[in-house]
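S.K.: Keeping their order, the protein sequence lines are chains A and B.
For the first sequence, position 355 matches number 355 in full-length UniProt numbering, and the numbering has no gaps at all.
For the second sequence, position 62 matches number 62 in full-length UniProt numbering, and the numbering has no gaps at all.
Careful, some of the hints might be misleading.
Think about it this way: if two alpha-carbon atoms lie no more than 25 Å apart in a straight line, the pair counts; the simulated SDA-like pairs of lysine to any residue are [unchecked claim]:
#1 B/Lys94 x A/Val381
#2 A/Lys375 x B/Glu83
#3 B/Lys87 x A/Ala257
#4 A/Lys362 x A/Thr406
#5 A/Lys377 x B/Ser52
#6 B/Lys94 x A/Val148
#7 A/Lys375 x B/Leu92
One side only, chain B facing chain A, incomplete, derived with CB under 7 Å [unchecked claim]:
#8 His90
#9 Ile96
#10 His99
If you're looking for bench data, these hints aren't it; they were derived computationally from the structure.
Every residue gets a Cβ at the ideal spot worked out from N, C-alpha and C, and that includes glycine.
Each chain, written out:
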Amino acid sequence: MATTPTTAAGTAALTGATPKARHAAALPRHVAAAGRRADSVRCSAVSPAAPTPAPPATPLRPWGPSEPRKGADILVESLERCGVSDLFAYPGGASMEIHQALTRSPTITNHLFRHEQGEAFAASGYARASGRVGVCVATSGPGATNLVSALADALLDSVPMVAITGQVPRRMIGTDAFQETPIVEVTRSITKHNYLVLDVDDIPRVVQEAFFLASSGRPGPVLVDIPKDIQQQMAVPIWDTPMSLPGYIARLPKPPATELLEQVLRLVGESRRPVLYVGGGCAASGEELRRFVELTGIPVTTTLMGLGNFPSDDPLSLRMLGMHGTVYANYAVDKADLLLAFGVRFDDRVTGKIEAFASRSKIVHIDIDPAEIGKNKQPHVSICADVKLALQGMNALLQGSTPKKTFDFGSWHNELDQQKKEFPLGYKTFDEEIQPQYAIQVLDELTKGEAIIATGVGQHQMWAAQYYTYKRPRQWLSSAGLGAMGFGLPAAAGAAVANPGVTVVDIDGDGSFLMNIQELAMIRIENLPVKVLVLNNQHLGMVVQWEDRFYKANRAHTYLGNPENENEIYPDFVTIAKGFNIPAVRVTKKSDVHAAIKKMLETPGPYLLDVIVPHQEHVLPMIPSGGAFKDMILDGDGRTVY
Amino acid sequence: MESYERLSTNQILDAHWGVMTDGDPTGFCSHTLSILVNDFPGVLNVVTGVFSRRGYNIQSLAVGPAEKQSTSRSTIVVPGTDESIAKLVHQLYKLIDVHEVHDLTHLPFAARELMIIKVAVNATARRDILDIARIMGAQPVDVSDHTVTLQLTGDIDKMVRLQRTLEHYGICEVARTGRIALLRESGVDSKYLRGFSIPL
Numbered sequence: 001m002a003t004t005p006t007t008a009a010g011t012a013a014l015t016g017a018t019p020k021a022r023h024a025a026a027l028p029r030h031v032a033a034a035g036r037r038a039d040s041v042r043c044s045a046v047s048p049a050a051p052t053p054a055p056p057a058t059p060l061r062p063w064g065p066s067e068p069r070k071g072a073d074i075l076v077e078s079l080e081r082c083g084v085s086d087l088f089a090y091p092g093g094a095s096m097e098i099h100q101a102l103t104r105s106p107t108i109t110n111h112l113f114r115h116e117q118g119e120a121f122a123a124s125g126y127a128r129a130s131g132r133v134g135v136c137v138a139t140s141g142p143g144a145t146n147l148v149s150a151l152a153d154a155l156l157d158s159v160p161m162v163a164i165t166g167q168v169p170r171r172m173i174g175t176d177a178f179q180e181t182p183i184v185e186v187t188r189s190i191t192k193h194n195y196l197v198l199d200v201d202d203i204p205r206v207v208q209e210a211f212f213l214a215s216s217g218r219p220g221p222v223l224v225d226i227p228k229d230i231q232q233q234m235a236v237p238i239w240d241t242p243m244s245l246p247g248y249i250a251r252l253p254k255p256p257a258t259e260l261l262e263q264v265l266r267l268v269g270e271s272r273r274p275v276l277y278v279g280g281g282c283a284a285s286g287e288e289l290r291r292f293v294e295l296t297g298i299p300v301t302t303t304l305m306g307l308g309n310f311p312s313d314d315p316l317s318l319r320m321l322g323m324h325g326t327v328y329a330n331y332a333v334d335k336a337d338l339l340l341a342f343g344v345r346f347d348d349r350v351t352g353k354i355e356a357f358a359s360r361s362k363i364v365h366i367d368i369d370p371a372e373i374g375k376n377k378q379p380h381v382s383i384c385a386d387v388k389l390a391l392q393g394m395n396a397l398l399q400g401s402t403p404k405k406t407f408d409f410g411s412w413h414n415e416l417d418q419q420k421k422e423f424p425l426g427y428k429t430f431d432e433e434i435q436p437q438y439a440i441q442v443l444d445e446l447t448k449g450e451a452i453i454a455t456g457v458g459q460h461q462m463w464a465a466q467y468y469t470y471k472r473p474r475q476w477l478s479s480a481g482l483g484a485m486g487f488g489l490p491a492a493a494g495a496a497v498a499n500p501g502v503t504v505v506d507i508d509g510d511g512s513f514l515m516n517i518q519e520l521a522m523i524r525i526e527n528l529p530v531k532v533l534v535l536n537n538q539h540l541g542m543v544v545q546w547e548d549r550f551y552k553a554n555r556a557h558t559y560l561g562n563p564e565n566e567n568e569i570y571p572d573f574v575t576i577a578k579g580f581n582i583p584a585v586r587v588t589k590k591s592d593v594h595a596a597i598k599k600m601l602e603t604p605g606p607y608l609l610d611v612i613v614p615h616q617e618h619v620l621p622m623i624p625s626g627g628a629f630k631d632m633i634l635d636g637d638g639r640t641v642y
Numbered sequence: 001m002e003s004y005e006r007l008s009t010n011q012i013l014d015a016h017w018g019v020m021t022d023g024d025p026t027g028f029c030s031h032t033l034s035i036l037v038n039d040f041p042g043v044l045n046v047v048t049g050v051f052s053r054r055g056y057n058i059q060s061l062a063v064g065p066a067e068k069q070s071t072s073r074s075t076i077v078v079p080g081t082d083e084s085i086a087k088l089v090h091q092l093y094k095l096i097d098v099h100e101v102h103d104l105t106h107l108p109f110a111a112r113e114l115m116i117i118k119v120a121v122n123a124t125a126r127r128d129i130l131d132i133a134r135i136m137g138a139q140p141v142d143v144s145d146h147t148v149t150l151q152l153t154g155d156i157d158k159m160v161r162l163q164r165t166l167e168h169y170g171i172c173e174v175a176r177t178g179r180i181a182l183l184r185e186s187g188v189d190s191k192y193l194r195g196f197s198i199p200l
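Same shape as in the complex, but just chain B (with noise of 0.2 Å):
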């Protein structure tokens, strides 16, 4: 009789996701791939096809003009291990529009996201929240008698720094950019730049 292999269960998207979890025994962890492809309509299309068509989930995705004419570059973000996202990277080179594929993952790069987050605040806290907001290094753009909207770029711990802060205030709604991601030449991994650690 066939058996079915218990799924892995997804992530859900939320804070806290793609914070590299060291330690974890089966090295299941958000890799985040950079995916250099010809721009014509319909190869987003074509690129997250293979992600579902082979049964991986996408965290994030963000694309746009690469350096080169009539290209893209594609950032996703996939959880996996280092062995099904090197399987995932063999099937992406099997389509014809892709240039080159990098896991970004165990090597040096930057990553920045945008997020704008809107925070259900009346005329007396709002003083709090602007502090909050000048401290974590995000910009005020709008304000209304019942909120205030902040907006942050940053890496994905600023995201989860500033959430988190301000989560008991009460968020109204958060949007979020896809990670972008580019490898770091000098070699330097800020991450281990860092005083403290964020625990989970």
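Isolated chain A, as found in the complex (with noise of 0.2 Å):
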């Protein structure tokens, strides 16, 4: 049973799109992938009501709908029945025969990364951005251990992503053969389910499996081992194969029950300070989300996955809560007597000490995965159910309620007003220093809200959080649960893939960016308009922070410069771009941010800004980890001592 209703769009756009004329330069598609942006990936076995037919030799695959070709071809031929338009493969032994079987797809393209953990981000990347699975490829052994990084951080942030390893022939596993890794067992616990196909005819349904998985209910990385002897092995597919998944689809989540959002209603209707506390389960809710605060006049304020999920402009806007959110934002949750949380997982960095989060409110929780519910804190009301459907019934009930409804929270609005002039984000500034919340202002004037910014993980991070106003959903793509340093440059470039001709700005530190660097020879290669934001502080900022409030500032292994030549920046990210033939310029001076980021974003293609920040910059407001609202930091930076 699908959970969306864009089950029929999906097989349409799959029976619609013919095999298009290879070009000779693999240039990233625009006009094509456009018009399926939107829509989320749906198998034809999903609704059996439109089988594909299989189609006639060409001269690239030239074999009939009933003639054996090998296991490769099958695996290609499968993704682009699952609507797969681009992927991210890396090349090695025992993957080999399915790049050798991509060149033969008419329609797939692929995305050369430089370390396979840059391709699986880029493929997370992609997904965040777009709504649709993110494919990637890896050879078996170390290629395969590559990807962990990346499906740890795909299964804690809830994002579709397939991870397509090889693996040493059947009759070699379990002999340590050459780059032989059981990554099947290695992966259990970081992705949603994996497969190892031990048969040749188990691959089309697998793979039907693997994107459904991945895209349904709760959605999350799968991972299909195939051994090099499949991949070779020649064999006539059975396309409509079922698939089998009895105990899971049985499980889906059903539409929510108009009983209980009629509840939800009521007690929206008896509060007095209600609070919406939306996270990265709304992404695909934003219209329903704008339309029910349009028709209640909730504030909202959002978690760090859940940014631009609603524009944070809008007055209504708390902009994000937690240990690095706006005071406001932790006010109102502090003080709501009503917490509608939807899409939320009520994580640590949120809550605090758990005890004292909303402790004053009736809890309402909307998950769409049961086990989430209840798990970190008991709610009062509770739907599991898809919050896109349960913001559509609710939306439904209030237009439809005769006499209409109105809410009246003026007051709690005027409260909330009063601590948003007491208590704004704001930063000191020094001289000529660049203040790094200041280069984020800039660009967030310059590029009036719209480009899609995705960064690495650290005090850079939690500044463009809190900086840069986001306005739509998928527009902020962030390494969140896990919290993985590197994500940003790969991220972006998989995002640029996903929305040909959209600036995608990666707001990286220098630490986050010299993780997966090697990534800057994809973006020039394949021309993408990626711009490089770096933050450089020539610390691990966040965790000199953390040395300076709680360590009394003694310095463990945190400088990332050169103790010889304090004075020098190092390394210099200027002269490594223009190794990868990247223009790139360094900024030292404020006067200069302004015309250096108008500079960046207009100049079209790769674009690397080095842009040199004071390390004793502190990221604030902060809660203490397991504090309460009350243990709020407000100011302090490194230059005083605690």
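Assemble the dimeric complex from its two separately framed chains, guided by the hints.
M.R.: As structure tokens, this is what we get:
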């Protein structure tokens, strides 16, 4: 049972897609992908009403529907049937057959990243920016193990991803063969599900199941491990083999019951100080959420994953809450009498001390994963359903009710506006030093808040979350649950692949940027409009902040520059970028920032801007871990001793 | 600064585990879970992986083919509170290959285990051991000049009783299977039909 009504649209796109002539140069696709961009991927097996017939022989694929072909070709054809147009593959011994088969595919384009971790983060960025399933392919052994961080990141942030890994031939499994790792064992607890294909006839079914599992219910990463001898084995595929996921499909959440939605609306009507606490689960429900807020007037605060699901520049937006959230957002949740938790999981970075979180309010929790309801905080009313359907239901009830329900939260809005005036987001400025927050504000102004932003992890990530205005879902890409450094550049590239022609900015730190710096090669070769804005403070910023606050500024391996020559910026990212043939500029003075960012945005293709910022800056406000709203720290930086 | 909550101490596997501690204020006791899964190589690893990933200890485990073809029933005994076991059940339902998970603990269920126990005893005391065995319902399966091996099938209380009685003779080895359990359709909880209770 599919959870979204886009199945028909998905199959229509599938049957309508005609094989395109292969271009000599592998340029990124433009118009072709644009039409399918918004639809979520569905395999033909999910809606058996319209099975696609097997195509006849072509020069590229000289086999008829009932003639045998290699397992690798069956795999690639299965991917095409699941609507894949872009994937991220890095070749190796055990996945060579798949790459050879990809050269025979008329519709799938491969984007060659320079590290499997880069390609897997790119698949994640692709999925986050488009809502489609991100696909990455790696070889066995070290190739597969390099995917581990990205799979764990996708699981924690519920990103739909399918990872296909080569494996040594079946007879060599378990013998410590060359480049063999038991990747299914290794990734068991960091994937939603995984498969080791042991029969070539299983490939069509397994691929369909993998895509279905990745994209339905609570999305997540699925790994498919295919031994090399199966990739080479000749077989005739049976395309309409049904999926066999009876337990899973039976347990998919049903549409929410009207009584429960009415109960929630009753609670809204009785409350005086309601707050919407919105997270990553609402990424597909931006419209419905906006309509709901329009009808009810409830102020909205989002988590790190939920940035953009409600526009930050709306007067009812309280921006981000949590450890580094705004004062007024945390105040609102602390003082609220009704907390509407839609698509969130009450993560410890948001709640702090769980007993003190939203202690005065009734909690309504709507989530598609039944295991999340009641996991950290017991709700008073819970609905296990797709939040999109719940919001649609509630909007319909609100619009259809006679007499028209009007909610008046005027005094609550005034109270929150007072808090916004008293405790706005702010930072101290010093002479010509470039404050990182200022650089992000300039970027926001010059892009009009429309660019897709990817970040690494650390202080720059928090500032990017606080100082840039996010107006639509899937605009903000960041490793929130896992917090994997090195996420920024490859994810930005993946997002650029998913959204051709849209400017993507990677706001990175010097530490995070260095971790996947090799992907500068990929953005240059494919000429993607990815602008890298490095906030370079020569230190591991967030750890330095904690060292300043809690460890008496004892530096423990957090200086990333050259200790022999602290006056020079090390490493020289501008020279490195020139080695990759990417235009790069360094700015050190505040007066140069505006012009530099403008030039960066106006230069077509990839660009690196190295912004030198002081390392004494701290991300504020801050609620120390395990703390409550009253423990919030509002001022101070590395220039004071604690 | 981050503070870590003290991890609850694990109960070691000995003769006395599994007894419901009535009146434990936290409600912490051993729960019996019956899980129906698809049968394929590695499914046991998948299921036990969830237990270790979420920080639960497994006190006993028994798996075998179930009534439907290509499915297995796994009976696992886990210590925990009602709340923590409910969370574990939710996590188990996320597994694609799981059909059903039942927490039998608070329902009337029939549980059995098999124990083989090797006691150190010379020829003179052998008669006593065999008498004890006959009274407790255990069968002798092997005898040598310095040991006697007995087999006993029954629920946890029977195991505990026999092992305690034989302790002062000197137990060489004990091998126990995991607990297997099924719900009692009659609804009769035989635990409360016994005339005496076992003190810890």
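S.K.: All hints, please: hold or fail.
M.R.: Each hint, compared with the structure:
Between B/Lys94 and A/Val381 the alpha-carbon distance is near 22 Å, which keeps this suggested pair within the 25 Å criterion. At roughly 10 Å between alpha-carbon atoms, A/Lys375 and B/Glu83 fall within 25 Å of each other, so this suggested pair holds. Between B/Lys87 and A/Ala257 the CA atoms are separated by roughly 23 Å; this keeps the pair inside 25 Å, and the hint holds. Under the criterion of a C-alpha separation no larger than 25 Å, the hint pairing A/Lys362 with A/Thr406 is consistent with the structure, at around 21 Å.
Our distance criterion of 25 Å between C-alpha atoms is met by A/Lys377 and B/Ser52, whose separation comes to about 22 Å. Restraint check for B/Lys94 and A/Val148: satisfied, since their Cα atoms lie roughly 21 Å apart, inside the 25 Å limit. The straight-line distance between the Cα atoms of A/Lys375 and B/Leu92 is roughly 14 Å, inside the 25 Å bound, and the hint therefore holds. Proximity of B/His90 to chain A holds as hinted, the smallest CB-CB distance being about 4 Å (cut-off 7 Å).
Annotation: B/Ile96 was flagged as interfacial toward chain A, and the flag holds, the nearest CB pair being 5 Å apart, inside 7 Å. Hint on B/His99 holds. Least Cβ distance to chain A is approximately 5 Å, under the 7 Å limit.
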